[in-house]
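Next come the chains, spelled out residue by residue.
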Amino acid sequence: MTTLMVTPYPPYRDGIGAYAVQEVKRMRAKGDDVEVLSPLPSAAHQHLTLGGLRGILALVKRAGRYRSIIVQFSPEMFFGGCHGPAERVAVWGGIEALSYRTNLEIRLHEIEFGPLRRNPAERLAAARALRAAARVTVHTRPEITNLSQALGLDPSTIELVEHGQNFTMATTMSRAEARTELGLDQDQHVFLAIGFLQEHKGFDRAIEAFGRAGLGRQASLHVVGSVRVNHPDLTAHARRLDQLCRATPEAVLHDKYVSDEEFDRWIVAADTVVLPYREIWSSSVMERAKLYQRPIVAADVGGMGDQAPAGTLFFDDDESLVQAIKERAQTTLSRLADRVPAPGANAGPAEAESGSSWEVSVELPEREGVEAQIRARARARALDERSARRDSSAQAVDPLLSIGRLERPRAVSTRPGVSQIKRLIRRVINWEVDPIAAQLESLQRATVEAVADLEARVAGNERNNPDTPRPPER
Amino acid sequence: MSHSSADSVPAEGAIAFVSPRHGPGVVGGAEAVMAEAAAGLALRGHRVEILTTCATDHFTWANAVPSGVETIDHDVVVRRFPTSTDTSGVHRRRIGDRILAGEQVDVADQQLWMNDSLRVSDLWHHVLDHGRSYRALIFAPYMFWTTYAVGQIVPGKSIIMPCLHDEPTARLDIFAPLLEGARGIWFLTEPEADLGRRLFDLPKRQAVVGAGIEAPTNHEPERFRAEFGIKAPFLYYAGRREWGKGWHELLAAFAELVTTHPTDLLLVTSGVGELDVPPELSDRVVDAGFLSSSQRDNAMAAAVAYVQPSAMESFSRTVLEAMAAGTAVVANGASDVVRHHIERSGAGLLYQGRAELVEALRFVADEPRAVDNLAIPGRRYVADGFKWADVLDRMEDTLDRWLPVPAPATAPSTAV
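Sequence order for the protein chains is Y and V. For the first sequence, my numbering assigns the number 50 to the initial residue and increments by one for each residue that follows. For the second sequence, my numbering assigns the number -3 to the initial residue and increments by one for each residue that follows.
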């Protein structure tokens, strides 16, 4: 039987989706039969609007068809559309019900402790749901501790799954190639802060600390990412990051939406990946930095300490972040001092691909000459038409005249039955569309008349001015 | 059609062309270029696959042919995957209108717009599972889900043939990772490449490979006239009869011509889409329906002039086919690509706006002999610049440089 993976999924750009697809790939390569269900239409096999009671009940209904279900859990996916605490409790009840229908694994990427603290009923419902699941998995030990304490769960029932166990490389470039592709200096120490531009990521801290480190031109900081949705808080934060970068020498904001390959290219190009998060459970960026063995400077929050590889420099406050940046930059200075330049070391990949009145000779017609006549005639015709309306030689009204009268499309079709449907639709919507059409026509007429009147006045002024050029005589 | 699963394991090192639609009855420039390039590379000894959908209609995306694997001419393997069109399309329309109106649309809504139409989950997972087995995956055109979603799975092996037009969708953020992250970009024309460079921070591996025009050795205009009972001189338009292709502007201009000027010109059209011909033109517009390529070539040769009213062209194959048939082209100068063809060949007339189109048609009506002579340099322009052999050379050259065939592993020496 089949396993159902419930998760955000590509082509949506989403951290959990990117994580899940690597697990799906691994399972399919192993020969497992895996289907994917995503909360929005995507490359998944099915989609179902989750985020509330109706969604979870629909999922429970489908659950019996599957040998097992793996839920890549995030609060947004299950509670994003809830209308209050009672519905949240009910959704947890639905998650619990999933366990009675199939073998359920809940992979917790994030959980909101606030509502659990505030509402004992939700705390109880969440605890029941997690106890009922066949497996509850997280990525770091602190998450086990926090979760078991918050919900009164036995820590031994929560399993640890390595965050990067399914991660694969999206680029095979060397550091030099990646820097050439990205237009980065080969000799600078490149610091990288990458991900969606959100305040909790703390990229502003990294920029400020980088500025205070005063490394001059020996290092640069690149903040790479985009605003996820056009929310005023998020766009304001992106503007602030931009201002900070502009004010900080060698700090650059690359406000762009990057592919998985380019994301990895940036990691490969970096000397140090900076994770200045204010809050996080576990970090996919850290896993990708580990994948390419790039040194990390990270805030000691959430499960980062547990997830980080040996050699990671942790910081607790902004001052220690400045020190960590200085310490990492020293490694490049040492490397440069030791290095014997190799011929062509800075060279990137070599390739950079980069019975008529027409004046025309019938035997040897000249295209440009004919086109000039076409233009002149089109213009003259517009002038004639306008002259017929009023004695004027001005031209601003041309585009308005060329719009023509508003005509609704004919309710006909060559496809059988479609004409009748179109006529029926027209009858149904006439009461609403007709006044709008009439208003549009009046507006169009009034606009033409107003502009033509203005033209006439301008033309009158021009006639009184001997220097005004005249339109061509026909 | 074989009944084997479309998701069977592909031959190692094959070149895959990922096309939204493929096969007889499909009207689309990008799809035609992909099909011909696939056949051409297969004839040169490459293992070639076409990964496509079961749909033939790009409005409904309904599954019209069975899924599975079949082998067609020149041993090209075609894998067809079923489409999903189970969304309401409400977001597609609502957000699409905002995009066309030039509004700023955030990335979340852009993604919603992209996914609220056809999706091809099995194709996506086929490439997820087997993408690395292919030597290269070629995707076109940029704005379809099959390119946008599938083209980002194995970017290191993906070559995008975007078929870009200067249109609002080309400026959406979501397409930047697709084009900027790809292994390489194949453009069809220089103007398209210029547009691509203006809009995106493209990879250095980019080339104008072009596309070929297979001109018949002999056109038979009289055959087309006899087949469709057309005696009067006519203007011809072939392609999708859609607003976006300028069809309605052509109809309006033609209506103005015939109601204001003595002429017996007809407007003959072939392709797909509703004609929406006003009653006063019902005896002046002839719908030849869907034509075979030889019928279309004959129609091109029989026409007094071919009209290309579309401002959104990335290659404009029909313009080149008309030139190859010795027919002059009246074309919308708002398209940089068409302008490029007309200015270099001299074999046609450019217009800007409906008033100039009317006058250009009037010239065709008044001066048919001059129009015939205007067309003369077109044949040479196409014959010299659009040979499939040259296009395939450029494709092979870029493939060899960007995605070389891995050298076979050296056998360990047994010498002592």
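In short, the hints are calculated from the structure, not lab data. Quick reminder that beta carbons are idealized off the backbone N, C-alpha and C, glycines included. Warning: the hint list may mix true and false statements.
[Claimed, not checked] Pairwise CB distance ranges, derived in the manner of DEER restraints:
id: 1; chain 1: Y; residue 1: Ser491; chain 2: V; residue 2: Pro20; range: 35 to 43 Å
id: 2; chain 1: Y; residue 1: Leu106; chain 2: V; residue 2: Pro274; range: 20 to 28 Å
id: 3; chain 1: V; residue 1: Pro20; chain 2: Y; residue 2: Ile474; range: 30 to 38 Å
id: 4; chain 1: Y; residue 1: Pro281; chain 2: V; residue 2: His70; range: 17 to 25 Å
id: 5; chain 1: Y; residue 1: Gly80; chain 2: V; residue 2: Ala7; range: 15 to 23 Å
id: 6; chain 1: V; residue 1: Asp69; chain 2: Y; residue 2: Arg150; range: 49 to 57 Å
[Stated by the list, open to error] Chain V side only, calculated, beta carbon under 10 Å to chain Y, not exhaustive:
id: 7; residue: Val22
id: 8; residue: Gly25
id: 9; residue: Thr52
id: 10; residue: Arg90
id: 11; residue: Ile91
id: 12; residue: Ser113
id: 13; residue: Val116
id: 14; residue: Ala145
id: 15; residue: Pro199
id: 16; residue: Asp332
id: 17; residue: His336
id: 18; residue: Gly342
id: 19; residue: Trp384
Using Cβ atoms only, decide whether Trp384/V comes closer than 10 Å to chain Y, and label the hint accordingly.
-> With a minimum Cβ separation of about 21 Å from chain Y (threshold 10 Å), the hint on Trp384/V is violated.
Return the status of the interface hint for Gly342/V: holds when the least beta-carbon distance to chain Y is below 10 Å, violated otherwise.
-> Status holds, d = 5 Å.
Outcome of range test on Cβ distance (Gly80/Y, Ala7/V; 15 to 23 Å) | holds (21 Å)
Under the criterion of a CB-CB separation shorter than 10 Å, is His336/V in contact with chain Y as hinted?
-> Not OK, violated: His336/V not within 10 Å of chain Y, min 14 Å.
Identify whether the interface hint at Thr52/V stands, where standing means a beta carbon of chain Y within less than 10 Å of its own.
-> Violated, about 15 Å.
Hint check, Asp332/V versus chain Y [nearest Cβ-Cβ separation less than 10 Å] | violated (16 Å)
Hint check for Pro20/V and Ser491/Y - Cβ pair distance inside 35 to 43 Å | Distance hint for Ser491/Y, Pro20/V is violated at roughly 50 Å.
Is the hint on Arg90/V kept, meaning its closest Cβ partner in chain Y is under 10 Å away?
-> violated (15 Å)
Quick one, is the Ile91/V hint okay against chain Y at 10 Å, beta carbons?
-> Given a least distance of 12 Å, the restraint on Ile91/V is violated.
Is 49 to 57 Å a correct range for the gap between the Cβ atoms of Asp69/V and Arg150/Y?
-> Roughly 50 Å apart at Cβ, these two residues keep to the hinted range, so it holds.
Double-check Val22/V for me: the hint is only fine if its C-beta lies closer than 10 Å to a C-beta in chain Y.
-> Check failed: Cβ of Val22/V comes no nearer than 19 Å to chain Y, outside 10 Å.
Between Pro281/Y and His70/V, does the C-beta distance stay in 17 to 25 Å?
-> Given range 17 to 25 Å: violated, Cβ gap about 57 Å.
Violated hints for the displayed structure, listed by number in ascending order: 1, 2, 4, 7, 8, 9, 10, 11, 16, 17 and 19.
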